[in-house]
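Student: Given next are the chains, with one letter for each unit.
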Amino acid sequence: MSGLSLQSYEPRGRPPKTPKVLVAKLGLDGHDRGAKVVARALRDAGFDVVYTGIRQTPEQVVEAALQEDVDVIGISILSGAHIHHVSRLMELLRDLGEDIPVTVGGTIPLPDIPRLKEMGVREVFLPGTPLQVIVEKMRRLAEERQGARKI
Amino acid sequence: MQGRYSGDTGGLEERLLNLIERARGGSRALAGKLLSVLETPSPEAGVLLRLLIEKSGGNHVVGVTGIPGAGKSTLASQLIAEYRRRGLRVGVLAIDPSSPLSEGSLMADRLRMQRHATDPGVFIRSLASKGLLGGLSLAALAMVEALDAFGYDKIIVETVGVGQADVDILDVAHTILVVTMPGAGDDIQALKAGVMEIGDVYVLNKSDKPEAEQTLEFMKFALEAGTVSARHGWTPRLVKTSAVQGTGIPELADAIEEHRVFLEEKGLFAQRVEDRRVKLARLYARSLVDDMVEEIVGEKRAEILDTLRKSPDPYRSILDLVLEELRMRLQRL
Ligand code: B12
Ligand SMILES: Nc1nc2c(ncn2[C@@H]2O[C@H](COP(=O)(O)OP(=O)(O)OP(=O)(O)O)[C@@H](O)[C@H]2O)c(=O)[nH]1
Ligand SMILES: [Mg+2]
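Line by line, the protein sequences are chains A and B.
By the working numbering, the letter at position 89 of the first sequence is numbered 89, and the numbering carries on one by one without gaps.
By the working numbering, the letter at position 271 of the second sequence is numbered 422, and the numbering carries on one by one without gaps.
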């Protein structure tokens, strides 16, 4: 059966893999409206979205991302504690040798954006970012990740 | 997993075996990646499935179903905790429906179980059922084999609410929990719908609520009156829990255990494993044919409409139309 293309082998009508993202809130931050709005927008755009809810530790988020094998991790923080939590998250991922793209949304002061990017955060979404922009950027990151996948 | 299959099964097998061993050894990152391979039925996924099946079949699959919001996920989280106290490893597959409009999904069962996220003896995976032939998709069946092979002693499969699709879970789980809650006026509806006939263990959750006693009486009556049929001579158990307060959980785990022992004694445990594997094959074959028929009917729309108006034997003509195309497509596989 060598030389069989996957196309002819799979039931039709389904893409090879639906983009899958984790949406999580780090720390003691109860502002979950944005996270939920974004989660719903991504679902409506055809993503599989795993929502972990509020009060997550970086350890929980990393574990969930690995077990779910998501293409993108989307963090939401409006508490002001983003530097602290996100740096820990990025450190955990680095130690595990995992390069799942991470994005951060919420009330991030402008001067902190370069700091987050330096840590390896791929995108920062400030309040007011149109959902369409978020969906497109998340899709691009998911596709990039899927392209680089190997087992 | 894209592109063409190399045909190099030797190298592939070796690689996959190595990954499976590491997943069995506790790498949840690798377990997560292997499950993703099973999401689409590629040739590589087939090889992986065979290797998994060599190792699976021994562990206990517990299906959790019931009306939306009854507390299935919260209860599953409590069961995980109880099993961990008993020294068992637990794998969870939480299945949520995809939106019929966007094909996307918002999966929040995990939210209720997140306290176990960092426990090395627990693995949780969310899966969107792509509306394919019922709630339990092909991928879910393959993933059950994987969690089994990875050495999770208890595999909890949560499926979406009530409905026809849920009867799916019959062939998959060894033990089926049907979760309900007090005061849901539609409980009688659920009884009629047939879901109240599939349970091995019925759980009245949210028993912390005042209306619980009344619902419990009703359920007892329903069970005794034989509305609920016994499978293979097993008398369904009824357990009262509160997943938020953590009451009734050891009793629930005990009832599930009794059922496992019952299955083993009757020689039914291994049979259920075979049933779920046959179901996997059936789902796969059916999805192939279904998709083809879908395509053909789409392409031949005009001819079909014409046939319905003109053919002396329209059913026969439609069959001819579709079968001819189907045969050609099947040959091309
Ligand atoms: C509504 C609101 C609340 C509600 C929250 C309701 C809820 N369940 O979410 C309530 C009233 C409960 C509340 C409480 C508090 N709040 Co308040 N709150 C707000 C407010 C006015 C709007 C937030 C909001 O919902 N926006 C709408 C959503 C859709 O936007 P968003 O979350 O920003 O999300 C967008 C982007 O950021 C991005 N995004 C966000 N998350 C994600 C995730 C992913 C994956 C992606 C891709 C993108 C993304 O995309 C979204 C769409 O563009 C903000 C002010 C502001 N301008 O943001 C203050 C604000 C966040 N709150 C603030 C404070 C201080 C508090 C309190 C501590 C007040 C108090 N002293 O009690 C409490 C703390 C509550 C808690 N437990 O954490 C401060 C935070 C200051 C800081 N960061 O240092 C703010 C900034 C107000 C201010 N200017 O002082 N708050
Ligand atoms: N009072 C009470 N509330 C409960 C109990 N168990 C769960 N809940 C609450 O019921 C709601 C639904 O719980 P879930 O565990 O998400 O229910 P579910 O059946 O998994 O829901 P779906 O997967 O969406 O069908 C949540 O708000 C829980 O906190 C219980 O024993 N008592
Ligand atoms: Mg649930």
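Warning: the hint list may mix true and false statements.
[Said to hold, decoys possible] Heads up, simulated DSS-like pairs for lysine-lysine below, C-alpha to C-alpha not over 30 Å straight-line: (1) A/Lys117 - B/Lys451; (2) B/Lys184 - A/Lys17; (3) B/Lys417 - A/Lys36; (4) A/Lys137 - B/Lys430; (5) B/Lys206 - A/Lys17; (6) B/Lys451 - A/Lys17; (7) A/Lys36 - A/Lys117; (8) A/Lys150 - B/Lys184; (9) A/Lys17 - B/Lys430.
[Unchecked claim] Computed footprint of chain B on chain A, listed as stretches where at least three residues anywhere in the stretch have a Cβ under 8 Å from a Cβ of chain B: (10) 32-42; (11) 58-70; (12) 117-125.
Hint data in this document are derived by calculation from the structure and do not stem from the laboratory.
Each residue gets a CB set at the ideal place from its N, CA and C atoms; glycine is no exception.
Student: Taking the hints in turn, state whether each one holds.
Tutor: Hint check results:
1. A/Lys117 - B/Lys451: 54 Å, violated
2. B/Lys184 - A/Lys17: Between lysine 184 of chain B and lysine 17 of chain A the Cα gap is close to 13 Å, so the pair holds against 30 Å.
3. B/Lys417 - A/Lys36: 48 Å, violated
4. A/Lys137 - B/Lys430: 39 Å, violated
5. B/Lys206 - A/Lys17: Holds, because 27 Å separates the two Cα atoms, which is no more than 30 Å.
6. B/Lys451 - A/Lys17: 29 Å, holds
7. A/Lys36 - A/Lys117: Judged against 30 Å, a Cα distance of about 24 Å means the pair holds.
8. A/Lys150 - B/Lys184: 9 Å, holds
9. A/Lys17 - B/Lys430: Holds - the C-alpha atoms of lysine 430 of chain B and lysine 17 of chain A are around 23 Å apart, at most 30 Å.
10. 32-42: holds (count 3)
11. 58-70: holds (count 8)
12. 117-125: Violated: only 0 residues of the region 117-125 of chain A have a Cβ under 8 Å from chain B.
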